[in-house]
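Please put together the full structure from these sequences, using the hints given.
Just so you know, the protein sequences line up as chains W and L, in that order.
If you number the first sequence the way the working numbering does, the last residue is 222 and the count never jumps.
If you number the second sequence the way the working numbering does, the last residue is 1316 and the count never jumps.
Hints are computed from structural coordinates only; laboratory data are not their basis.
You may find that some hints are simply not true.
From chain L, some residues computed to sit far from chain W (all C-beta separations above 10 Å) [stated by the list, open to error]: (1) ASP1056; (2) VAL1058; (3) ALA1108; (4) SER1159; (5) LEU1205; (6) SER1285; (7) LEU1306.
Output of the computed footprint for chain L on chain W, the stretches with three or more beta carbons under 8 Å from beta carbons of chain L [to be verified]: (8) 7-14; (9) 20-30; (10) 96-105.
As the structure is a computational prediction, the values presented were derived from the model and not from experiment.
Built from N, CA and C at the ideal position, the CB exists for glycine as well.
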Amino acid sequence: MTAVPLYAQLINLLAAVLLLLAFAMLSQRRVLSLVNLYAAQGLALAISTGIVAYATAQGHLYWSAGLTLLLKVILLPGILHRLIRRLDVRWELEGLINIPTTMLIGIVIVVFAFNLALPIAQLSNTVTRGTLGIAMASVMLSFLMMITRRKAIPQVVGFLSMENGLFFAATSATYGMPMVVELGIALDVLVGMLILGVFFFQIREQFDSLDLKHLEKLKENE
Amino acid sequence: MTVAAFMSQLLQLALALALAPLLVGWVNQCRAWLSNRTPPSLFLPYRTIRKLFMKDAVVAENASPIFRTMPYIVFGAMCCAAAIVPSIATDLPFARAADAIALVGLFALARIFIALAAMDIGTAFGSLGARREMFLGFLAEPALLMVLFTASLISGSTSLPTMVEALAHRELAIYPSLAFAGVAFTMVSLAENARIPIDNPATHLELTMVHEAMILEYSARHLALIEWAAALKLFNYSCIGIALFIPFGIAEGSNAWAALIAAVPTLVVKLAVGGFALALIETASAKLRIFRAPEFLGTAFLLAVLGMLVNLLLGS
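Put into C-alpha cells, the structure is as follows:
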C-alpha cells in the first residue's frame, strides 16, 4: 500500500464521518437531535474545508471554512432551535417508511452514488477527488430524508443538509466555487431559512399542525 | 506441519479452555464494581462448572437424541472455533482448514443445534427462546460477515492468520473503514453473546430472556458444557475482535517460542481491558425491547456495509 499523506487521511476520515452523519440524520426520530446532527455535519464540513485549504494553499477556502462555521454551525442551528422552541414541536416521530427500510434504501443509494461518481472523479485532478462519491451520496441521502419525512422541520433540515453535500462536492471536485458564488449561496440559504421560518407559523396557523399532507389538498371542504 | 506449530496449536486451545470462564468471571466482577455491589469471586464460573459436573443429570422424558447430544456439539463447535481464531499465534495447522466464513458457519451450527434442542422438549419457553434466537441470528450474521469482508478487503485474504499478519504489519494510518467495522463488530458481539442491549445474561425473567430460555431444561454435566461453551463463545468473539482491530503482539511465523510466550500476557491484558469495556457498555445501557433489536442490528449491518463501501471508494 502506498503512503498516503496525513491530510488526505484526515479528509478521508472526515468524509466518512459526513456519510455517517447523513445516515444518523436519516434515522433520527427527534427534531432537536436532528438539528444538533446538522450542526455536527456543518462542523465536519468546516474542518475538512480548512484542511483542504491548508493542504493546497488555497487562501479563499479559509474564507469558505469560516463562513461554513459561522453559518451552518452557529447561526442556522440557532435559528432552528429558536423556531422549535417557539413552535413547541419536540416530539415529531413518524416517517413514511420505517427506519430499517429507510436505511436499506440508503445503502442502495450510496452504492448508486459511488458508481455515479467514479467516472466523474477520474476527470478531476484534486487530492480530494475520492471523496466526491461520498459528497454525492450525502446529497442523495438528504434528498431521501426530504422524501420520507412528513413534517415541515425535518424537510427543511434535509434541504439544508443537501446544500452541505453540494458544498462538499464542490470542495472535493474543484477546490470550491468562486467566492462570489459561495457568498451568494450562503445568503440564499440564510434568507430561505428565514422565509421558511415564517412559513412554519403560517402553516400552523392554517392547519393547526406542521404535517405537510394538509398542503396536498386542493379544496378546503373535502 | 512442524512439531512447533502443533504445540502452539495445542497451547492456544488449552489457553482458550482455561481462560474462557475467567473472562466471564472478570466481566461479572467489573459489572458488580460498576453498579456498587460486592463482586462475586473471580473464580466463581470455575466452581459453578465443577459443581455442575458432579451432579446427576436429569433429562426430560420425551427428550430425543438431539437434546442429549446438543451440549457436546455446541462445546465441540466452540472448541473448533477457539482453535481457528489466532489468539496467540498465527502458525496454526488447524486454521488452514477453515477461513473466516467457515468460522461464521461454525457459530451458526452451534446456534441451530441450541435452537433445535430448545424446541425438542416442547415447553413454551424453549420454543419462544429458540424463535427469538433465530430471529436475532439472521440479523446478526450478515453484519458479522460484512465486518469480516471489510477486514479481508484490506488484507486481501479471508484466512484469519493471513489477515492478522497483514493487519499487524500495515503502516500506521487512519482507516475509517476499520473504525466503522470495529463499531459494527462490537454491536454484533453484544447481540451474539446475549449481552445487555439485546439480552441480559443474568436474568431469569420469563418475558425477556433469550439464551436462558433455551437452556432451562438442562442440568448437571450438560448445563456445565453449555455454560463453558457460552464462555468460550465470548472468548472467541473477543479474540476475533483482537485479531482484526488490535492484532499487535500475536506471535507470527514458526518456531517463535519467545514471541509465543510473550503473546500470552499481551492477550490477558487485552482481554482484561476488553472485558472491562464490555462491563462498562452493559452498565451504561438499558436492555432494548425485542422489537427494537432489528434497529440495533440493522445499524450494525449499515455500519459494516458503509465500512466496506468506504474502503472500496477511498482505499483506506
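Exercise. Far enough from chain W: is every CB of that chain over 10 Å from the CB of L:VAL1058?
Worked result: 42 Å, holds
Problem set entry | Given coverage of the region 7-14 of chain W by chain L, tested with a Cβ cutoff of 8 Å and a minimum of 3 residues | holds (count 4)
Problem set entry | Given coverage of the region 96-105 of chain W by chain L, checked by CB-CB distance under 8 Å (3 or more) | Holds, because 4 residues of the region 96-105 of chain W bring their Cβ atoms closer than 8 Å to Cβ atoms of chain L.
For this session: Check the non-interface label on L:ALA1108: least C-beta distance to chain W beyond 10 Å or not.
Result: Given a closest Cβ separation of 22 Å, the condition holds.
Exercise. In terms of Cβ atoms, is chain W entirely out of 10 Å range of L:LEU1205?
Worked result: Holds: least Cβ distance 26 Å, greater than 10 Å.
Problem set entry | Given as non-interface: L:LEU1306, partner chain W, CB spacing beyond 10 Å | 6 Å, violated
Exercise. Counting residues of the region 20-30 of chain W whose CB is closer than 8 Å to a CB in chain L, do you get three or more?
Worked result: Result for this restraint: holds, n = 3.
For this session: Grab the minimum beta-carbon distance between L:ASP1056 and chain W and tell me whether it stays above 10 Å.
Result: 47 Å, holds
Exercise. Should the label of L:SER1159 as a non-interface residue stand, given a Cβ cut-off of 10 Å to chain W?
Worked result: Given that every Cβ of chain W is farther than 10 Å from that of L:SER1159, nearest at about 19 Å, it holds.
For this session: Compute the least Cβ-Cβ separation between L:SER1285 and chain W, then decide whether it is above 10 Å.
Result: Given that every Cβ of chain W is farther than 10 Å from that of L:SER1285, nearest at about 17 Å, it holds.
Going down the numbered hints, you'll see the structure goes against just number 7.
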